[in-house]
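Student: Chain by chain, the residues run as shown.
2 protein chains.
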Amino acid sequence: MNEYRYSDIQIGQTESFTKEITREMENAFRGITGDENPLHRDDAFAQSIGGGKFKNHVAFGMLTASLLSTLAGVYLPGKYSLIHSVEQVSFKKPVYAGDTLSVQGTVEDKLDGLNLILVKIKITNQEKKCVLTASMKVLVQK
Amino acid sequence: MNEYRYSDIQIGQTESFTKEITREMENAFRGITGDENPLHRDDAFAQSIGGGKFKNHVAFGMLTASLLSTLAGVYLPGKYSLIHSVEQVSFKKPVYAGDTLSVQGTVEDKLDGLNLILVKIKITNQEKKCVLTASMKVLVQK
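Listed in order, the protein sequences are those of chains A and B.
Heads up: the first sequence runs through residues 25 to 166, numbered per my numbering.
Heads up: the second sequence runs through residues 25 to 166, numbered per my numbering.
Hints may contain errors.
The list makes no distinction among identical chains, and a pair is therefore deemed to hold if it is satisfied within one copy or across any two copies.
Simulated crosslink set (BS3-like; lysine-lysine; CA at most 25 Å straight-line) [stated by the list, open to error]:
hint, residue 1, residue 2
1, K43, K134
2, K103, K79
3, K166, K152
4, K166, K77
5, K79, K134
6, K144, K79
7, K153, K103
8, K116, K152
9, K161, K134
10, K79, K43
11, K117, K161
12, K103, K152
13, K144, K116
14, K134, K77
15, K134, K153
16, K117, K166
17, K117, K152
18, K116, K161
I should point out that these hints are in silico values taken from the structure, not numbers from a laboratory.
Just so we're clear, the structure is a prediction, and the values are computed from it rather than from any experiment.
Generate the whole structure from the sequences, applying the supplied hints.
Tutor: Here it is as structure tokens:
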């Protein structure tokens with residue numbers, strides 16, 4: 025776990041990690057949220073609702089977005105962080121169980137006085153295709 | 025599970041549900057994301073980092089935000105939905121294990137042609153205090 029303090033953080037700094045999305049993670053996310061929507065468990069339903077665009081059931085978008093928690097809490101800045109707000113999350117392409125996602129965050133700005141950093145996030149799959157973009161403000165301890 | 029189609033949805037329509045946040049949900053979320061940050065498991069660390077503002081370890085903000093998945097996938101509109109984007113998530117107050125959250129979504133606009141609805145979300149705790157506000161665009165099948 026990184027332990028950057030506010031003064032350690034540089035504009036342009038990038039941190040990243042990879043994570044495989046598994047069926048167990050999908051099941052656990054369903055258990056947490058109670059989101060029983062068939063798009064996320066029924067391959068035939070997902071194929072029909074997507075008009076052929078989805079090859080199988082689709083991982084929960086908010087499961088992929090949950091990796092922002094890991095990015096802030098473990099990597100950028102790590103231990104001394106608190107997510108202030110998530111400014112924008114765009115779901116670009118479907119994620120499937122078995123995909124390995126690369127989560128990359130880059131510090132775009134620092135708001136001195138507030139001890140906030142603005143982090144731009146890009147999540148890509150194993151085919152280097154972007155599946156999610158986002159930005160968030162993270163409070164970092166001095 | 026609601027099964028609203030795009031034409032069924034009215035501007036101003038509101039759907040809501042409640043969910044208790046439990047330690048089991050926190051542990052499952054930690055397992056999914058790998059976010060081992062002590063803010064979300066160590067009461068003493070949370071008290072120290074919050075300058076006395078946090079009474080205990082704090083639930084993951086993105087866990088609370090994950091209830092947007094449930095709102096869209098089960099309630100508004102339910103079965104025939106796909107989250108397009110999450111526009112803004114603001115974490116207003118800490119959430120603790122044992123809190124019972126009320127998640128309320130209201131349709132603020134409909135984007136005909138795109139079959140998108142703009143949903144404003146407010147999550148309050150058992151003391152009626154707002155812990156999270158957000159908005160999202162959801163694609164609804166015709």
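Student: Using 25 Å as the alpha carbon limit, work out where K166 and K152 are close: within a copy, between copies, both or neither.
Tutor: Close neither inside one copy (36 Å) nor across copies (32 Å); limit 25 Å.
Student: My question is about K116 and K152: at a cut-off of 25 Å on alpha-carbon distance, are they close within one copy, between copies, both, or neither?
Tutor: within (13 Å within a copy, 35 Å between copies)
Student: When no copy is specified for K144 and K116, does a C-alpha distance of 25 Å or less occur within a copy, between copies, both, or neither?
Tutor: So K144 and K116 pass the 25 Å test inside a copy (15 Å) and across (21 Å) alike.
Student: I want to check one pair: K43 and K134. Are their C-alpha atoms no more than 25 Å apart within a copy, between two copies, both, or neither?
Tutor: neither (27 Å within a copy, 35 Å between copies)
Student: Within a copy, between copies, both or neither: where do K161 and K134 come within 25 Å Cα-Cα?
Tutor: within (9 Å within a copy, 29 Å between copies)
Student: Checking an output row: K79 and K43, CA cutoff 25 Å. Within, between, both or neither?
Tutor: The answer is within: 21 Å in one copy meets 25 Å, while 32 Å across copies does not.
Student: Tell me, please, which holds for K134 and K153 at an alpha-carbon limit of 25 Å: within, between, both or neither?
Tutor: neither (28 Å within a copy, 30 Å between copies)
Student: Could you figure out if K116 and K161 sit no more than 25 Å apart (CA to CA) within one copy, between two copies, both or neither?
Tutor: both (21 Å within a copy, 13 Å between copies)
Student: Under a CA distance limit of 25 Å, which applies to K103 and K79: within one copy, between copies, both, or neither?
Tutor: Between. Shortest inter-copy distance 18 Å satisfies the 25 Å Cα cut-off; intra-copy 38 Å does not.
Student: Within, between, both or neither: how does the pair K134, K77 come out at a Cα-Cα threshold of 25 Å?
Tutor: Only across copies: K134 and K77 sit 24 Å apart there, 39 Å inside one copy, limit 25 Å.
Student: For K117 and K166, with the copy left unspecified, which applies at a CA distance of at most 25 Å: within, between, both, or neither?
Tutor: Classified as between; 21 Å across copies, 37 Å inside a copy.
Student: Indicate which option fits the pair K117, K161 if close means a Cα-Cα distance not exceeding 25 Å: within, between, both or neither.
Tutor: Classified as both; 24 Å inside a copy, 15 Å across copies.
Taken one by one, the earlier hints fail for this structure at numbers 1, 3, 5, 6, 7, 12, 15, listed in ascending order.
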